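A.B. asks: So you can see what is in the structure, the chains are spelled out below.
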Amino acid sequence: MENRVVITGLGIYSCLGENLNEVRDSLFQGKSGIVLDEIRKEIGFRSALTGMVKDPDLTSFLSRRQRIGMHQPAMYAYMATKEAVENAGLDIDFLEKTETGLIYGNDSTAASVGETIDKIREKKDTTLVGSGAIFQNMNCTVNMNISTIFKLKGINFTLSAACASGSHSIGMGYLLIKQGLQERVICGGAQEINPTAMGSFDGLSVFSIKESTPTKASKPFDRDRDGLIPSGGAATVILESYESAIKRGAPILGELIGYGFSSNGDHLSNPNLDGQNRSLNMALKQANILADKIDYVNAHATSTPAGDSIEAQAIYDVFGDKVAVSSTKSMTGHECWMAGASEIVYSMLMMNNDFIAPNINFENPDEISAKINIIAETKQQEINYFLSNSFGFGGTNSSLIIKKFNK
Amino acid sequence: MNREEIINTVKEFLSEEFEVDKAKIQPDANLQETLDLDSLDYVDLVVVIEENFGFKVTGEDFVGITTFDDFYTLVEKKLEEK
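Chains as they are written, first to last, in the numbering used here: chain F, 1 to 407; chain Z, 1 to 82.
Rather than coming from a laboratory, the hints here were simulated on the basis of the structure. Fair warning: there could be bad hints in the mix.
[Stated by the list, open to error] Under 8 Å between C-beta atoms, here's a sample of chain Z residues computed to sit facing chain F:
| id | residue |
| --- | --- |
| 1 | D41 |
| 2 | V46 |
| 3 | E50 |
| 4 | K56 |
| 5 | L74 |
[Claimed, not checked] Derived DSBU-like pairs: lysine-lysine, alpha-carbon spacing no greater than 30 Å straight-line:
| id | chain 1 | residue 1 | chain 2 | residue 2 |
| --- | --- | --- | --- | --- |
| 6 | F | K247 | F | K403 |
| 7 | F | K123 | Z | K11 |
| 8 | F | K371 | F | K403 |
| 9 | F | K371 | F | K322 |
| 10 | F | K124 | Z | K24 |
| 11 | F | K178 | Z | K11 |
| 12 | Z | K82 | F | K123 |
A quick note: this is a predicted structure, and the numbers were derived from the prediction, not measured. We treat Cβ as the ideally placed atom computed from N, Cα and C, and that holds for glycine.
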């Protein structure tokens, strides 16, 4: 028998706020987290726009040895996971005595790698990079750090799938619990926010250059969109079998009922309608619901000309013109490896507070986005089912469907 | 740098790096136990020594180093060799 999979904990550290309450308020208010980061101009970026989060001070939470292997991805992930563990009613004593897994999405550790290489070149010596460098530099940095800090005893690996990493991490956790292989899996996504991580991406000329109006620059689905804005932070989603959640009296925040995925098998960066449609339809099939059950689609739409059009067409093909759609990237920018997880957190906050966060800066549709129901202003509305899309470079697609929890 | 200056410098950077109360860094105290050093921490000890004194110590240098006093003597010797 397959297990039902519920969400029992959420945590967020993003440019919209450093915890769930702050982020809920920002989402409701349609507040942008985008700023102009002057340093990016000085070092040759085409666009200095970015979402911004500060490096958290972890000295009051963690020992030196616990902190030394952490750079931005792990630091952000710690903050998000700490919040999620607390609101799931878990603690380290319980985690140490039970089997809890960790599958976290991450796809770069650019700044720490750069700093390490600079140090080796400066000193001409490898020891002098210190003991933390290797644990900061490996792509599984979040898993190494978080699993040891929280004493986790279950499945433990990092999932790397470009901008769908966070979404697939939740999908993988879902499958393991559904099949009875894990009772509980901490999932999520982390994204470093430093310029080093984003220089080569900026080099593709796909970032918005509306630098005079940072908070208005991310315009998913709008006719005048001119590119995405990088962002970052971390989001944690704790998945658990229904039986386990009930047994320990955990809060049940929602139920994950569908995970669809596909690969385009096509171009490194260009989106693909067929791939997106297959992912959406697979999620609906897995969830065993018809498309008209979905009340809200949290779009992947990043504010690029090509990507948003393909997704608008895919949403129209599968859902028609009625379903409410918004891209929270209009406020956050593109949180890349983290986005698939953070957008589940954002959508959960909407579902549990009966509103749809706006696709800010949506002023004029284009020919394709005019066909779908894009929510440009905050809307009070009950959400019983939502779907969240994530699409990544290399043509990896992931769609998750979550249902309001009913016994 | 005389021995007193070495002691003060060492106390400063070790207490900061390893987050240990300076008062615990006494000449006859055991260096490894006081600083709670594991195998990885020795790498960082090498780093902070290099940052503060400009020389690199090796594993062989640490043979026979038990107390802080032993350590101050090692630093004195290395500084003289520079």
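A.B. asks: Tell me, in ascending order, the numbers of any earlier hints that this structure violates.
C.D. replies: As far as the earlier hints go, 5, 10 and 11 are violated by this structure, in ascending order.
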